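Participant: Sequence:
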Amino acid sequence: FFFIPQEVLSGESEEESNGVNLMEFSDEILLHILSYVPCTDLVLNVRRTCRKLAMLCLDKSLTHTVLLQKDYKVNKDKVKQLMRDIGKEIYQLNMAGCYWLPSSTIDHVTRCKNLVKLNLCGCHVTSLRLSKMLSTLQHLRSLAIDVNPGFDASQLSSECKATLSRVSELKQTLYTPSYGVVPCCTSLEKLLLYFEILDRSREGFMLSGQLMVGESNVPHYQNLRVFYARLAPGYVNQEVVRLYLAVLSDRTPENLHAFLISAPGSFAETGATKNLLDSMARNVRLDALQLPKAWINGSGLLQHLKFNNPFYFSFSRCTLSGGHLIQRVINGGKDLKSLTSLNLSGCVHCLAPDSLFRKAEDDIDSSILESLVVSCCNLRHLNLSAAHHHSSESIGNHLCQLLSRLKHLLSLALPVCSITDVAANVEKPPTASNFVPQTFGRKVRIGIQTYPRNSADQANQKIESSVFWALMGSLRFLETLEIIGSSFSSAMPRNEPAIRNSLPPCVRAQSVGDSEVAAISQLTYLQSLTLAQLPSILTGSGLVNIGLQCQHLRTLSLANLGMMGKVVYMSALMDMLKHCKCLRDLRLEQPYFCAGAQFFQALSHCSSLQRLCIVSRSGTLQSDAVMSFMANCLEVIMCHMFMGESLTVCKNLQQSIVRSFQADRPALNVVIFPLLHEDLTEVIRDVPMRHLDEITLFKSRVAEEPPNLWW
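Counting in full-length UniProt numbering, the sequence shown runs from 1 upward without gaps.
Please keep in mind that the hints were generated in silico from the structure rather than gathered at the bench.
Some hints could be false.
Straight-line Cα separation of at most 25 Å, PhoX-like style, residue types lysine-lysine; simulated pairs [as the list claims (entries may be wrong)]:
#1 K337 x K274
#2 K80 x K117
#3 K337 x K306
#4 K566 x K70
#5 K190 x K117
#6 K113 x K88
#7 K407 x K359
#8 K293 x K699
#9 K73 x K88
#10 K293 x K306
#11 K70 x K88
#12 K581 x K70
#13 K359 x K337
Computed from a predicted structure; not experimentally measured.
Turn these sequences into a full structure, and let the hints steer you where they fit.
Facilitator: Rendered as structure tokens:
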């Protein structure tokens, strides 16, 4: 809620004490300040404080675009009043992820007669409601919706289809085999498809990828410029996306410049897809490319595809070698200043000249990385995670030293073993004092390394010798950082039972510990941090430095730090949290985590916290502490805890939270469930996609999609 004291509005006490009156600022400054206030607060609250603000709050710069997608306090009545007051002034409306609003809320969107862009992903919309709404939005050109079971395109009116025929940008999230509204959109230039269809129904019946009766209409792709498809795991999703691609294989759009398919696991190439790729190689020049690994591995496709001014490449999980990367993509060092985002996650050989006789753990060829850095000097997003990128002992050729030349980087994902200081490893091999076993149960007592008590002393120790410290110092404007163990896998994968055993960390990762974590504190503008599978964390002292120095941190994800049988960094984590005033999302994954009174008391200092997710095999929780935390942190709208407690304890706590706080927090989503319970996948399928995709499920998010793909 945006609150302006009455004395500030009148200019009395503030003016007398400070000589400053907010209302004396220019309209331009006030409009800039008001742009940070949620639109619902502007129109329903701030506008009523004084005449000047009443005028400014209705300025076109503030009402042209209305973003409700993370306004967790908005409810049906507020939306209704908002549409009544400024509906005709709204040209872009984003309600993505407003899962808590009843479907009848969508009826009020019909007041926005001038809408050009509308995002309803995650909202409850039936075919009939969609038809009624779209029939009134004659100026609509961009639409995002979900297609749920029961969707029936035959219920769309002729007026609705007329609106859809003018839509040039469409984003569909499919929860059932269907073309959705694609056949009605005859002017499509951008098509984004998210396939979230499960292989089995709730009753356990196997689903088919065949479209429903009456869905045989052919999509219109002749004007298509961007085609993007992201598949969740499952064979049904693969079957359905092939139906969408079949039309493309018959006739490839001449203006196609971005073709992206993100598919986990194995997605085999067929004759139709091969024809499509051959046609693309002959007829189009691309600016963005992502293909399933099976379509690239072992083929000469990249050698034949033509690129214009590429801005995004993703070769995630491909066996592409560094030699092929340089020769076929970068053309032997061709100037690729246009490339801003590159995803090489899981490309285990992408920094090696050849993949035939190379082991995944062998040293990288620094000349390949150097060619990449020189050619793609304007990279803003780079993902090198899920691979062993080991640097050699050559001076000046360490991966961190080469990456430090990329001064424009905003997000970066690296494997833990890649940041190891090679010289330090050679001089000081792993010993009992810095090697931490990754087993469970009782541990042999290990000597604890002594760390400097403050960040200044720590910095002085590491700045001259650590290549990672130097890298962090050179990337001052980095906003997102992921340091993830090359063999890390979350204990809670999607659509599968919880994983009980994890692979051991890379040997080189054993030397990455608290000092390296402390180096991250140099990133003043850091907003999102992920640390996973750092086995040599002994005290977590570096976390405190991050909490003190990274005051813009909004998202924090920690997983499997230190020895696995004990949470060795708990004290440091609690100290860190006391300083994280801007933290909104916190995800913790650690065996034997104790979510008790002390932890939640420290977490209560995070006054901006909105979402909490804890995944802990054999972890425990204190119900009273959780309830007290929820009562103190009024912004929290998501609490997901997958622990080792019994089903009865979990259900009782979940029900208590919902009963106590649901009325005041309409968006509240609570899931508390035993991690190893056989029904976990059934519980997961009911989690709103916004939370599931953004925080509950662990994944690397750097360069996951092209920048500015949608809103």
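Participant: All hints, please: hold or fail.
Facilitator: For each hint, the structure was consulted:
A hinted pair counts as satisfied when its Cα atoms are at most 25 Å apart, and K337 with K274 does not qualify at roughly 30 Å. As the CA atoms of K80 and K117 are separated by approximately 19 Å, the hinted pair is consistent with the 25 Å bound. Only pairs whose Cα atoms come within 25 Å are accepted, and K337 paired with K306 is accepted, the gap being roughly 16 Å. Under the criterion of a C-alpha separation no larger than 25 Å, the hint pairing K566 with K70 is inconsistent with the structure, at around 36 Å.
A hinted pair counts as satisfied when its Cα atoms are at most 25 Å apart, and K190 with K117 qualifies at roughly 13 Å. This hinted pair checks out: K113 and K88 have alpha carbons roughly 6 Å apart, not beyond 25 Å. The suggested pairing of K407 with K359 is violated, with an alpha-carbon distance near 31 Å, which exceeds 25 Å. For the hint pairing K293 with K699, the CA-to-CA distance comes to about 18 Å; that is within 25 Å, so the pair holds.
Proximity of K73 to K88 is assessed by CA-CA distance (about 23 Å); at most 25 Å being required, the pair is judged to hold. Proposed proximity of K293 and K306 is supported: the alpha carbons are some 19 Å apart, at most 25 Å. As the CA atoms of K70 and K88 are separated by approximately 22 Å, the hinted pair is consistent with the 25 Å bound. This hinted pair checks out: K581 and K70 have alpha carbons roughly 18 Å apart, not beyond 25 Å.
Taking the CA atoms of K359 and K337, the gap is near 32 Å; set against the 25 Å cutoff, the hint is violated.
Figure legend: structure checked against the earlier numbered hints; hints not met, in rising order: 1, 4, 7, 13.
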